[in-house]
Amino acid sequence: MKEVIAEKIIKESSGDETVVYFMSYNRHYTRFAENRITQNMARDVTEINIEVHFGTRKGSAATTSLNYEDIKNTLKRAEQIARHSPEDPEYVPPLEPVKIKNIERFYEETLNLTPENKALSLRKIFSSASRHGVKVAGLYTNGEREFAVYNSRGHEAYHKSSEVSFSITVQGEDSSGYTAFFDENIERLDLEKEYEGAFKKQELGKNPKEVEPGIYKVILEPVALSNLLLFLYMQMDARAADEGRSFFSGKIGKKIFNELVNLYIDPYSKVNPAIPFDGEGFPLGYINLIDRGVAKSLICDRYWAKKTGRKPTGRPFFFNMDDGQMDVEDLIKEVDRGILVTRFWYIRYVDQKSITVTGMTRDGTFMIEDGKIAYGTKNMRFNESVVNVLKNVLKLGKGKRVGVEYWGSGANYIPTALVSEFNFSSKTKF
Amino acid sequence: MKELALYAMEILKGRGVDYADIRITRYNYESFIVQDLSPKLVNVEETYGFGIRVLYDGAWGFASSSRVDKKEIEKIAERALDIAKSSSMARGDFRVKLASEPVHVDKYLTPIEIDPFSIPVEEKLNLLLKINETMLKVKEIVKAISRMQFRRREQIFASTEDSLIETIIYTSNASYTAFAVGNNDTQTRSFQDYPLNAGYEHIKKLGLIENAERIAEEARMKLYAEEPDEEVLDLVLDPAHLSLTIHESVGHPTELDRVLGYEANFAGRSFATPEKLGKFRYGSPLVNFIADNTLSGGLATTGYDDEGVECQKWYIVKEGILVGYSTTREVAPLIGEVRSRGSARADNFYSFPINRIPNLYLAPGNEKATPEELIQDVKRGIYIEGRGSYSIDQMRLNFQFGGDLFYRIENGKKTKMLKNVIYQSITPEFWNSLDGLTDERFWEPRGFLTCGKGEPIQSAQMTNGAPYARFRKIRTGRGRR
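If you're matching them up, the sequences are chains G and Z in order.
Heads up, the first sequence is in my numbering, so the first residue is 29 and it goes up one at a time.
Heads up, the second sequence is in my numbering, so the first residue is 13 and it goes up one at a time.
Hints are computed from structural coordinates only; laboratory data are not their basis.
Treat the numbers as computed from the prediction; the structure is a model and nothing was measured.
Please note that the accuracy of each hint is not assured.
[Claimed, not checked] Straight-line distance between alpha carbons at most 30 Å, and here's what the computed BS3-like set of lysine-lysine pairs gives:
#1 G:Lys406 with Z:Lys82
#2 G:Lys457 with G:Lys400
#3 Z:Lys291 with G:Lys234
#4 G:Lys234 with Z:Lys109
#5 Z:Lys109 with Z:Lys87
#6 G:Lys100 with Z:Lys87
#7 Z:Lys151 with G:Lys334
#8 G:Lys100 with Z:Lys14
#9 Z:Lys291 with G:Lys455
#10 Z:Lys25 with Z:Lys109
#11 G:Lys30 with Z:Lys82
#12 Z:Lys109 with Z:Lys97
The following block holds chain Z by itself, in its conformation from the complex (with noise of 0.2 Å):
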C-alpha cells in the first residue's frame, strides 16, 4: 500500500501540481440489528481504494477507484489532474493556498484492549436478543430494537509535500430502543448512542443488560406523563441530551467552510461570522466550548486528519466569547489563520474531505456542583435526559430541540414525568443563559457517528460531550399539535 501511495506522488510531482494527496483507505464494519427477536441486519462490509486530490493552477480536482493497483492508480492520477484543470476554468480571480503543515512521516492507531472484530457474532447477536427478551417483558412494550456497529479504517496518507502517515481507528458503538403503546398513545425510550474510538471493551463497560428494563419501564411510564403547557422555564440539561445542542449551535456554526459560504446551497451557514471573533459573546461566562481530536476515546481522534494535518486542541469559545473555529487547510488562509486546526474529513475513499466538527465539548465548571445542587436552585422547571426531536435554521440560530425523558422540576426537586415536551431558542440567547455546571465528575464524552453534511452527503464521527448544565429563561412547550 505505502508504495503504491508513494508512486501516485511521484507521478504527480512530475506534472506540474499545486499538491496532491492520496488516501489509500480500508474499512471493515459489522453492523448488527434485532428487532424484537429477529436478526434484522448481520452484516459485515469491506471497502477498499484510493482517492486522489490535486490541486492544479489553483483549482480542485478528485478522482477515486476500488481497484488498488498501479495502472489503475496512474489513471485516477492524470483523471484527478485534467479535473482540477477544469475546476481552474470556473474559479474566477480565486486560488486555493493551503495553509501550511509541518511534513509528518508517523502511525497512529487507537488505543484497544479488545479487538470488537475478534468477538464472535453469536455472542453479540445473543446480547442484543437478551436486551429485547428483557424489553419485551414489561408490560405495553410492543417492539424492541437493539443495534451494534463496529468500525476499523485503515489509511495510508502520502502528500506532494512528504507527508506519509499511517493511520487504524477503531470505534464501537451499542444502543437500543424501547416501543411503548398504551393510553391510546405511542412513545419511546432509549439506551442512548455512546459511540467511543475505542475496542469491545467499551461495549462490555455500557451496562446494556442491566439498563434495560429500566429503558422499557421509562418507556411505559411516558405513555401515563402529562404533556407540558407553553412556558418560560427554567432547564437543567444532561451530558447525553447536551451532547446535540452543541453539536448543533456550537459545533455547526464554528466550521469556518460554511461560515465562509461553501455549504450554502445545503447544509447552510452561519451567524458566527469572523468580525466576530475575540468579541462576540456566544455564551455566559461559564461557557468554555473546547475544541480536542486529542481526546482519549473521542471519534474524531486520529492522530492526522484527511489532509495530513496533525490533531489539536484548542478553545472555540473561552469564558463566553467566540474565539476559534474548526478549519481545513483551505480555508484557514482566509481567514487570517496560519495552520489548519485539522478538521478535514472524508467518509470513504470515494469521498473530498471537508471541515467538520471536531471532538467538541462544554468543560465542566470549576466548583464542585452536583446535577441535584443545579436542580435545588430551580423553582420551577424541567430536567430533559437523553436526545429527541431536534431542528436548527440553516445560520444555526433558531432551534427547537425535544429529549428522550422530561421532569417537572418543583420548588429544588424533580417531580412529575412529563411528556412531549419541547423548548426553542436563539443559539446565543439560549448560551447566556447558561448559569450552572456540574463539575467534571459528571463530565460524559457523548457523540455521533453519522453526523452528515456536504453534497454528496457525507457522514462524520465526533464526540460532544458536557456536564449537566442549568438554563434560565427557556420558552418550553409541547409538542404534539
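For reference, chain G alone in the conformation it holds in the complex (with noise of 0.2 Å):
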C-alpha cells in the first residue's frame, strides 16, 4: 500500500524530484513503577514526509493522516514550500536506483503480545518485589516498525522490524539495581531474570559507603559504556573534522585508542542486526572506523563526500563495538581497587574538541576491592574525555545489545571494559 502511496504521489508532484518518506510505528507501551501498571498505552502512527525538489530548491511537509486527499494536500504544502525556499549550494539530488540487501528482524510472535499477558507477567514481579520490600519501576514495549523511502528517479528501500524492550529498576531503601534488554524477537527475553539481574544489584548496594571523588580503575558494563560511546559517535562526522570544528580533525591513520578498540557499522552482523539503510534510503554496509585502536575512516554525507573527493558512507544511527570473552565476573578479579559502573545518567559535552563529557553514576556503583565487589558506593560525577577512556581500555569483556531511540529501532553492540584510569570529580548524597 505504501509503494502505491508513493507512486501516486510521485507521479502527481509538479517537482523535479520527489522523496516520499513513510516512517510506521505500531507499538504496545507498559509502564510500571511501585509495583504497579503505572501507564498502558497503544500507539499506531504512520507519517508521511514529502520532500519536493525544484532545481536546487528543497522543501517537505509531513502528515499523520493515511486519507489520500490529506496526502495530496500534504504533496501540494511540499511543492509551495519548495517553490519559495532560496537554492541550496550544497543540494544534492536523490539517490539513484539500487539494490539493498533486506535483513530479517520480523518475528510474528513479538507482535502477539497482548497487554493483558504483559499485565500478567509483570504482577509475578510486583509480587516478589512487594514481599521483598522493593519497589520496581520500568518499560516493556512491545511492537513493530516499518521505515520506507521511494523516489522520483525509481529508488526504493524498505525495512519491517519487530522490538522488545523491558528495562527495569529496582529500587530498596538506600540502593538500587537497573537492567535492560532489547531483540526483535519476544522468546529471548527472559523478564525474570533481567528482574533477577536488577535485584541482585540491589542487594549488593545496601548500605552504599561514600567513597571520595578521584581517578579510579573502572568496569564500565555494556550500558555504561554505550552511554559514553554515543557522544563519540557523534563527532565521527568528516565535514566537522575538516572543518577543524572535531576531535578527529587530522587523526585519520593515527593510532588514537588502545589497539583493543575496534568500532565498526554492521546492519549484517550477527550479533546486531540493524536497518541496512539511513535515513534517506542510502544502503548502509560495512563501515570500518576504528581498527586496532587507528581511526580509519569518518561518517561522510553525499554533499561532503563529492566536495571532497570521498566514498559516501551514509548516516548509520547504530555502531558496534567488538568484544572479549570475559565475564564481568572474570574482569572483576583483575582489578584490585577500582569501581563498577552499571550505568550512566544525564551525559552532556563539557567540552566537544576533546570529547570530554559530565555525567553521573546510577542504580548500582560498586567498590571492588582484592578483586571482588566490597561493597556499593553511593553515586558520583565524573569529568572524562570518552578518548582517554578508550585509550585507557585494559581489556574487554563480553558484549551486548544495548537499545538506542531512534528513528529506527535497533541497538548497539557493546562489550564491559575495564578501564585503567577513570576521573570520579565530585560526589552526590545518595
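From these two lone chains plus the hints, build me the complex, please.
Okay, structure coming up:
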C-alpha cells in the first residue's frame, strides 16, 4: 500500500524530483512504578513526509493522515514551500536506484504479546518485589516499525522490524539496580532473569559507602560504555573534522585508542542486525571506523563526499564495538581496587573538541577490592574524555545489545570494558 | 471535532468507567534550519488525531489513532478500555483516584498580533540566511547555523465529567550559533532560544540581525580567552543561564510524580520529598520560585492542561522554604492535596499526559538593583551568560553547569573573558548561597521547547524566567580534561 501511495504521489508531483518517506510505529508500551502498572498505552501512527525539489530548491511537508486527499494536500504544501525556498548551494539530487539486501528482523510472535499477557507476567514481578520490600519501575514495550523511502528516480528502500524492549529499576531503601534488554524476538526475553539481575544489584548495593572523588580503575558495563560512546560517535563526522571542529580533525590513520578498540558499522552483523539503510534510503554496509585503535574513517554524507572526493557512507545510527571473551566476574577478579559502573545518567558534553563529557553514576555502582565486589558506593559525578577512556582500555569483556531509540528501532553492540583511569570529580548524597 | 469528542464520552459513560477523556489534537509545525548558506531543513508538518484515556477499576488504559471518524472512535474507545482492564490486573491494592476539578466549558486562544504561519517562507529563510552571512563575515567563523520554529496546536478536550475545552496555542522561536576555529581551539557562541507562546511579533522584537555580528565576534574572542583554574568563587548569573539551572534543580525535583517514584526507571526521583513540605530550606530567604501557568507569553500558558484542569499560579518555594509541587489529578491526592495544579501535559495526540514542569520562575528582588550593582560587591568571581553544558543527578542534588560566555570578576568589575568554565554544587546548598537579585527591570522569561521526560520520551515546553542573581562561594573549574 505504501508503494502504491508513493507511486501516485510521485506521479502527481510537479517537482523536478520527489521523495516520499513513510515511518510507521505500531507499539504497545506498559510502564510500571511502585509495583504497579502506571501507564498502559497503544500507539499506532504513520507519518508520511514528502520532499519536493525544483532545481536546487527543496521543501518538505509531513502528515499523519492516511487519507489520500490529505496526502495530496501535503504534496501541495511541499511543492509550495519548495518553490519559495532559496537555492541550496549544497544541493544533492535524490539517490539513483540501488538494490538493498534485506535483513530479516521481523518476528510475528513479538506482536502477539497482549497487554493482558504483559500485565500477568509483570504482576508476578510486582508480588515478588513487594515480598522483598523493594519497588520496581520500568518499561515493557513490544511492537513493530516500518520505514520506507521511494523517490522519483526509482529508488526504493523498505524495512520492517519487530521489537521488544524491557528495562527495570529495583529500588531498595538506600540502593538500586538496573537491567535492560532489547531484541526483535520476544522469545529471547527472560523477564524473570532481568528482574533478578536488577534485584541482585540492589541487594549488593545496600548500605552504600561514600567514596572520595578521584581517578579510579573502572569496569564499565555495556549500558554505561554505550552511554559514553554515543558522544564519541556524534563527533565522527568527516565534515566537522575537515572544518577543524572535531577531535577527529587530522586523526585519520593515526593510532588514537588502545589496540583492543575496534569500532564499526555493520547492519548485517550477526550479533546486532540493524536497518540496512539510512534516513534517505542510502544503503549501509560495513564501515571500519576504528581498527585496533587506529582511526580509519568517518561518517560522510553525499554532499561532503562529492566535494572532498570521498565515498559517501550514509548516516548510520547504530554501531558495534568488538567485545572480548571474559565475563564481568572475570574482569572483577583482575581489579585490585576500582569501581564497577552499571549505568550513567545525564551525560552532556563539557568540551566537544576533546570529547570531554560529564555525567553521574546510577543504579548499581560498586567498589571492587582484591578482585571482589567489596560494597556498594554512593553515586558520583565524572568529568572525563571518552578519548581517554578508549586509550586506557585494559581488557574487554563480553558484550550485549544496548537498545537505542532513534527513527529506526535498533541497538548498539557494546562490550564490558576494564579501564585503567577514570576521573570521578564530585560526589552526591545517595 | 466537538461532536466526535462528545460521542466518545457518551460511549464510555455507558461502559462503567471510573473516568475517561479524549483529546482531539491538530499540530502544525514549521521548522527551518539554515547551515552556512544552505537551507538544510525547510519543513512543514501536520499531525492530527485523537487519544482516549480510560480509568477503569482504578487503573489506566490509553489508545490513539490518526483516523478521526466515528467508527475509529468506537474502536479506540474499546481498545483503551480493554487496556485499562489489563492494567487493573496489575494494580495491587492501589486505585487511581482523581482530584476533583470543576466542570469547564470554555475556549482559550493564545493572544497573537501576527500569525507566524501567515509570514511567507522566503521571508523567514532570507532572515536566517542574512544572519548566517553576517556571522560568516567575521574572521575565524567557520560555520553558522540558524533556526526558526513555529507551532500551532488546536485541541478539543472532553471528559466524562462533561468538561469541554477548546484551545488554540501558538509558539514562536528563533536562535542561532556561530562556530569559531583558531588558536588550536573550537568555540561556539549562540543567540539562544527565547521561545514564547506568541506570534511572529515576538521574532521581530528579538533583534536577530542586530546581534549576529556581536555573537560571532564573541565566539571568536572565546578562542583566545583563558581557561580558569579550580577555585571556590562567587558567581553572577544572567537570566538565560539561570533559566536552565532553575529548570533542572527546581522544576524537575518538584514534579510530584517523580517525587512519588513514578519516573524511577528513567527521569529519576527527587530529594524534595513530601515530609519536607512547609519546612525544608530550599534556598536563602531571598529565593521565591513561583509557578504560573497564567503568565503572559509563557510556554505552558494554555488556559487548561491536558486533563482539563485550569491553569493556575502558586508558590513552589516561598522565602526559601519548599511549599509546593507541580501536580496532576492522579498524584495530587496522594499527598492530601484537594486539587491538581494543572501540570499534566502530553506532547501529541498519541501520548499519555504526564506531570510536567509549569512556567516556573525566580521572582525578582524587591530592592532596586542592576547587574552591575551585583557585580560591584564581588571581590573575585565569574560572570556567566547563557546556557552551556548541564548535568544533574537523578535525585536532582549534584549538578554541574557550564555556560555560553564567561568573564572574570575582580574587585567589583568584569575583566577578562574566560572559556570552558564549569561550576558544581548541590541544589539546596546552591540556592542557599544566593545573596543578591536584580529587580523586575532585569527579569526575562526564557524557556524550553524540548524538555524530555517519560517513557517513551515526551517533549514539553515551559517558561523558566529569572532576574540576574549572585551566589557566594561556589566550586568552579575548567571543563576540559
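Against the structure, the hints come out as follows:
1. For the given pair, Lys406 (chain G) sits about 55 Å from Lys82 (chain Z) by alpha-carbon distance, which is inconsistent with the 30 Å threshold.
2. For the given pair, Lys457 (chain G) sits about 25 Å from Lys400 (chain G) by alpha-carbon distance, which is consistent with the 30 Å threshold.
3. Taken as a hint, the Lys291 (chain Z) and Lys234 (chain G) pair is honoured in the structure, with Cα atoms around 29 Å apart against an allowance of 30 Å.
4. Of the supplied pair hints, the one linking Lys234 (chain G) and Lys109 (chain Z) is violated, its CA atoms being roughly 34 Å apart against a limit of 30 Å.
5. Our distance criterion of 30 Å between C-alpha atoms is met by Lys109 (chain Z) and Lys87 (chain Z), whose separation comes to about 26 Å.
6. Taking the CA atoms of Lys100 (chain G) and Lys87 (chain Z), the gap is near 26 Å; set against the 30 Å cutoff, the hint holds.
7. Between Lys151 (chain Z) and Lys334 (chain G), the direct Cα distance comes to roughly 27 Å. Compliance with the 30 Å bound is thereby established for this hinted pair.
8. For the given pair, Lys100 (chain G) sits about 25 Å from Lys14 (chain Z) by alpha-carbon distance, which is consistent with the 30 Å threshold.
9. With a CA separation close to 25 Å, the supplied pair Lys291 (chain Z) and Lys455 (chain G) stays within the 30 Å bound.
10. Of the pairs offered as hints, the one joining Lys25 (chain Z) and Lys109 (chain Z) holds, with about 17 Å between alpha carbons and a cut-off of 30 Å not exceeded.
11. For a cut-off of 30 Å, the pair hint linking Lys30 (chain G) to Lys82 (chain Z) stands: about 25 Å separates their Cα positions.
12. Between Lys109 (chain Z) and Lys97 (chain Z) the alpha-carbon distance is near 16 Å, which keeps this suggested pair within the 30 Å criterion.
In this structure, the earlier hints numbered 1, 4 are contradicted, and the remaining ones agree with it.
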